[in-house]
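What follows is each chain in one-letter form.
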Amino acid sequence: MSEEPGVSPLTIDKVTHYLHAGYHARSWGEVEVPPALGDARWTSDLILATWYMGETGRVPEGRFEYRVGASGGGFDRLAFKTLPAAERRAADAPVDLSLPLNRRGSGRELTLELPFYGGGMSYGSVSEHILLARAMAAHRAGTLTSTGEGGYPPSLARYRDRVITQVATGLFGVEERTIQYAPMVEFKYAQGAKPGLGGHLLGSKTTTAVSRMRGSVPWVSLFSPFPFHSVYSVEDHKKHVDWILTVNPEALVSVKVSTPVDVDMVAIGSYYAGAHVVHLDGSFGGTGAAPEIAKKNIAMPIELAVPKVHKHLIKEGIRDHLTLIASGGIRTAHDVAKAIALGADGAVIATSELVAMGCTRCSNCERGRGCPFGLTTTDPELQEWVTPEWGAERLGNLYRAFSRQLAELLRELGLATIRELRGRTDLLRYLPEAPS
Amino acid sequence: MQMPRVQSLRDGEARPAAAPTPAPLRPAADEEGEVNAGPHAVPPPGPRYRRYHIDTADTPDLLRLPHRFRVEVRRWRLARLLLTEVGRYFGRWDTVLNRPCVYGVFGGPVGGFKPRQELCVGCLRCTVQHPDVVRIVRNPERRRLGDSYLTPERVETILYEAKAGNLPVRGQGYRGRFGGTGFDGMWTDMSEIVRPTRDGIHGRETISTVVELGGACDHLEFAPDGALLTPQPPAATLELPLLLDLPPDSLAASALPAIWARAAGELGTLAVLPLAGVLAAGLAGPAVMPLVAPAEVAALAALPAPPRALALAGWDRDAFRALTEGYPEAVVAVRLPFAAGWQATLLAAVAAGASTFHLEADYHGRGADGEFVLDLLLAAHRLLLAEGLRDRVTLIGSGGIVAAEHVPKAILAGLDAVALDTPLLAALQAFPEGEARDRAGARFGLPPGLGPEWAVQRVKNLAAAWRDQLLEILGAMGLREVRRLRGELGRAMFQAELEAEAFGDVEGFAPRGAER
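Chains as they are written, first to last, in my numbering: chain A, 1 to 436; chain B, 1 to 516.
For the record, the hints were derived by calculation from the structure and aren't laboratory data. Using N, Cα and C, we set each Cβ at its ideal position, and we do this for glycine too. Among the hints, erroneous ones may be present.
Okay, derived cross-link-like pairs now, BS3-like style, lysine-lysine, Cα gap no bigger than 25 Å in a straight line [unchecked claim]:
| no. | chain 1 | residue 1 | chain 2 | residue 2 |
| --- | --- | --- | --- | --- |
| 1 | A | K315 | A | K238 |
| 2 | A | K81 | A | K296 |
| 3 | A | K311 | A | K238 |
| 4 | A | K296 | B | K163 |
| 5 | A | K14 | B | K114 |
Ranges between beta-carbon positions, derived for each pair [what the hints assert, rightly or not]:
| no. | chain 1 | residue 1 | chain 2 | residue 2 | range |
| --- | --- | --- | --- | --- | --- |
| 6 | A | M265 | B | D132 | 54 to 60 Å |
| 7 | A | S230 | B | R51 | 55 to 61 Å |
| 8 | B | L82 | A | T56 | 53 to 59 Å |
| 9 | B | G508 | A | D96 | 27 to 33 Å |
All chains should be modelled from the sequences, with the hints used to inform the complete structure.
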């Protein structure tokens, strides 16, 4: 850890004891559901169910609705047409959830044990404890996590085989060394929550350690411009890909883009520039601060972008040569499965990881000292409320709960692998709108 | 035909000879931010450039509103908790006094025994940590701040924007419903690689929000010596695509018209105000657009100077001719409600020479037949396109535009500029009393002690926040001027169409159709 705790060990013990007991009591239904908790996308049920999964690795069957929110559209109005009980696969039938990332037919093979991995959250937007917890969990679960655009704290290097190095428009913390570490390098062209708007880390979160990592001045706001100032075409983009592959010939390249009108053409361009993975980031997700107008209004939700791109890739004859990843509003295991049924190969999750570690989605990440639960903060006191080990434990449990749900769902659909689910819209049903 | 225009063009700006020169909206002493000049350079002669800027200032609420959250503390349980902790951590006062709120709710002299509820932001840490001691609930009293369309949530956002001119920024993702009807069923495009300009961090620093009201020529003719032969229709240049629309009838005699006039002048736009009120209060000036009923045309003679722009209440061919002939240098906008037969009236007015229209829905965004303003605007835009008239006509619109996001969406649907109505009232903490559906019947209570300085600044703050949010949309789309957004439907995404494409093969899916 790069900074000394700003609080005594006894206080850390006291606060974490109360918080952990509180997460337990709320998610086990021992006390009432907090009346001010939740919103249409992340209902109180979803939040408490995710706390429960983070603690137990199981779903809170019968206690909370853990599959969908109440947004009235998208994933929340899709359901699976499961088979009658007699036609399902046996409860102990083996199920393959693995996700191969390189489908180009050459180069390094990289297959994840789960069909989802962790999205980019930068050092600075979250604490080093959180980064480390995510890396540890990814390492244990056989999946990946991403640095986000904030550099690569040395403590992550131990888990380098499971850490994606993100190269974004500000190039903060990007070094040859960290590109060479990475099994996959992720170009972030845009992000769903603030598409086309770049990034902004407030001065109050740019601590000495954060600025050292980013090569900037402490306590000064940092803007990650939009877009890459060196990329104005697919050819420019290919130059970027070539640059990464020169530095690390073994790396896979992922291209993270938002969901504009022509998202299908963007995916095609990314493929021909050499990307192994096209990562679509829909407009309803995001963990960092963003203008409210952007989150709600700019670019399309991921549920609408995935089928558009999937169908276009099929039409172009390259669907089986590219891995399509969906993110930005993937909250639950059922969202992961629905995204795949709509045409993705896998998904990226981030908010649900924070919720599993105690986030209430209060949206005050950028206010004052940052997250009062110790998640999206670099405050030396607040970050102590989540230790890397506790965080990794919660995330491991969340991944287990997701995996169990996905495996159960595949058996109910009569499928043996998650790859068989891709593009199976015939297994989905659109639900009538619930009365408001 | 739309010519590219630099927002900051000012002194010495080249204009066609026949074009009226608008009165300067801002004194030269305000000019700042010149470019192309070194720190010691003497400003060169010729055009000078100034970046448009709205001066924002912290302008706290006048009315003390109900807190967002109620903090309910069980005092006996709190006392027991404290005693337990004193015993457990005796001597370690930093641990005993470590409170479960980083915003100071329990930071008063007696801590949680008298929580400072006004500081609560709803993070819920206290109630997670001590579920048996603290309970946080949303304050139901906040529900009375709006009506069924200008909802309390929208009012809350407007109040935030009007307080300091900031655009709302929050952590974590979107929290609302998936699309919806009206403006909610539309998303705007973005570009992965195109930005508005190569200047600045994001390229949005130099986006122009200038719009011009008035007609436009299909083509220009020049003499052999290069002189422009085509007569230019009158035009009024606004620094931003926002006008201030007249207050509801119940507040016509209040201080609001004078506040609107002054705020419009400071913003570089126009305030639409009834002629009678303009004359009675002596409000005439370059930032005021008098609204004239056909029977009032003669009364315009009482204005101290010819107006820069006029609004005619309803279509009246004779009154229109009298206005255009009597005030040839003024833009004359015809104000048309979305009443039955508005399409025929619009085309008849264009045929008679009208080139600027103010299309008006009610405060809830509905036309006479109940259709929503977004659909009505799209219909108007498409009608003019089909008739080959769109580029000759300026469209202003109002009604139902109550959030910053509605402005770019309304412009995408075909407007050139938006006239703001109820959001201006909300910015001044004037909340609807019952349902505020139309200008004639709506009742809003003004806060006691409302002064012009405070009110003008709140309007400017709101305009600044909405302009900044418009810049976010334009920046994301890679557009460098708002005029290019008008009717750019290829850059709009409609939920109904996208869902039909995405879910068309999913069992049970039915296209939304008329729901939009």
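Of the numbered hints stated earlier in the document, which are not met by this structure? Hints 2, 7 and 8 are the ones this structure does not satisfy, whereas the remaining hints hold.
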